[in-house]
Amino acid sequence: MSAPDPLARHILSLADTKRLLGIRYSDWILGSPSIETGIAASSMAQDEWGHARLLYSMLKRLGFDPFEVEHERPADRYYSAPALDDPFEDWADFVAATVVVDGALAVALESFGGGNFALARSRVPKMLAEEEYHRQFGAAWFTRLAGSGGEGAARVRAAALAMLPSTLAWLLPDDDLNGTLVEEGAIWAGARVREACEARIGATLAAAGVALADIEPARAGWDPERRRGPGAPAEEAVERARGDRNRALFVE
Amino acid sequence: MSGARGGLAESVYEVFARKTRGEPLRHIGYIDAPGDELARVYAWKTYDEENWFEMCVVPRGAVMPVNRTDGPWAANRPGRKDGAG
Chain E
1 MSAPDPLARH
11 ILSLADTKRL
21 LGIRYSDWIL
31 GSPSIETGIA
41 ASSMAQDEWG
51 HARLLYSMLK
61 RLGFDPFEVE
71 HERPADRYYS
81 APALDDPFED
91 WADFVAATVV
101 VDGALAVALE
111 SFGGGNFALA
121 RSRVPKMLAE
131 EEYHRQFGAA
141 WFTRLAGSGG
151 EGAARVRAAA
161 LAMLPSTLAW
171 LLPDDDLNGT
181 LVEEGAIWAG
191 ARVREACEAR
201 IGATLAAAGV
211 ALADIEPARA
221 GWDPERRRGP
231 GAPAEEAVER
241 ARGDRNRALF
251 VE
Chain A
1001 MSGARGGLAE
1011 SVYEVFARKT
1021 RGEPLRHIGY
1031 IDAPGDELAR
1041 VYAWKTYDEE
1051 NWFEMCVVPR
1061 GAVMPVNRTD
1071 GPWAANRPGR
1081 KDGAG
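Protein sequences appear in the order of chains E and A. Once you know that position 55 of the first sequence is 55 in our numbering, the rest is easy, because the numbers rise by one and skip nothing. Once you know that position 39 of the second sequence is 1039 in our numbering, the rest is easy, because the numbers rise by one and skip nothing.
So that you can see chain E by itself, here it is in the shape it has in the complex:
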């Protein structure tokens, strides 16, 4: 696949992050704290995969082969947020990701849907409506764990702090390609995105004593082509994302 233009890079970054987030959510359909929580994890995984497909399909309009994009890239060609590279270690990781990563994704979608790219303007509102339940889920669980004291509170705080720097760098790219999209009106400027991020997850994070305004994006090792920091998603997740075991059954 050739190096994408700024808009294609942006769409691929959103789509890959949603696909990986769906995989990480799906790991907890069984083994989450209750049956209802597992059902919610399943539903949120399906939401993320559905959103990813809608986003990948936008690339078709930009001249990309969606089959190649979805099913043939190696791990080091994925543009997903680094916080999703490895499986969640525990439930605190899951909860922190629903706030930090899912929250950042929702803000990125707000920005994209509020820009002038017609497909985003028409498709993003439904995604954001579904994301509202993810926000409520994340806020409720995070607040409860943070307020429970002891190990649960310490773990969810540590998990959020571990995910925030790389996720903020992913949400707020400080490079020319992103600047081009802002100038063209396809997405919001960084200051507005950061403001929206504070509005969406700032109060939730504060429940664990995390001040979002004090967190600096981790920009070291930034890869402008993949619109992310160093590293790549684990191979097992990429094999699932590509559908390697189902290749004989693919129907497009």
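Note that these hints are calculated values from the structure, not bench results. Quantities reported herein were computed from a predicted structural model and do not represent experimental measurements. Check the hints yourself; a few may be wrong.
What the hints assert, rightly or not - Lysine to aspartate or glutamate pairs mimicking EDC-like chemistry, simulated, CA-CA at most 20 Å apart:
| no. | chain 1 | residue 1 | chain 2 | residue 2 |
| --- | --- | --- | --- | --- |
| 1 | E | LYS126 | A | ASP1048 |
| 2 | E | LYS126 | A | GLU1049 |
| 3 | E | LYS60 | E | GLU72 |
Please build the complex by placing chain A on the supplied structure of chain E, with the hints as guidance.
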């Protein structure tokens, strides 16, 4: 009313929904949740097979029996020694 709605212990919430504005709300099931916020999310995510016009959740303990105290609902009220709550 549940006494555990601020902690991690779970309470039962009854789920009601209607498919159209003019249809009566009907009881479609129940979920366990540790609080009102998660009860709303769990209900929507658990019973999302239909395109609901409106869905509501009610803590089981908030539903008061009217005409009898020995009916199935009354028997399952939280706090009853012989009920599941």
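Hints, verified against the model:
no.	hint	verdict
1	E:LYS126 - A:ASP1048	holds, 15 Å
2	E:LYS126 - A:GLU1049	holds, 17 Å
3	E:LYS60 - E:GLU72	holds, 15 Å
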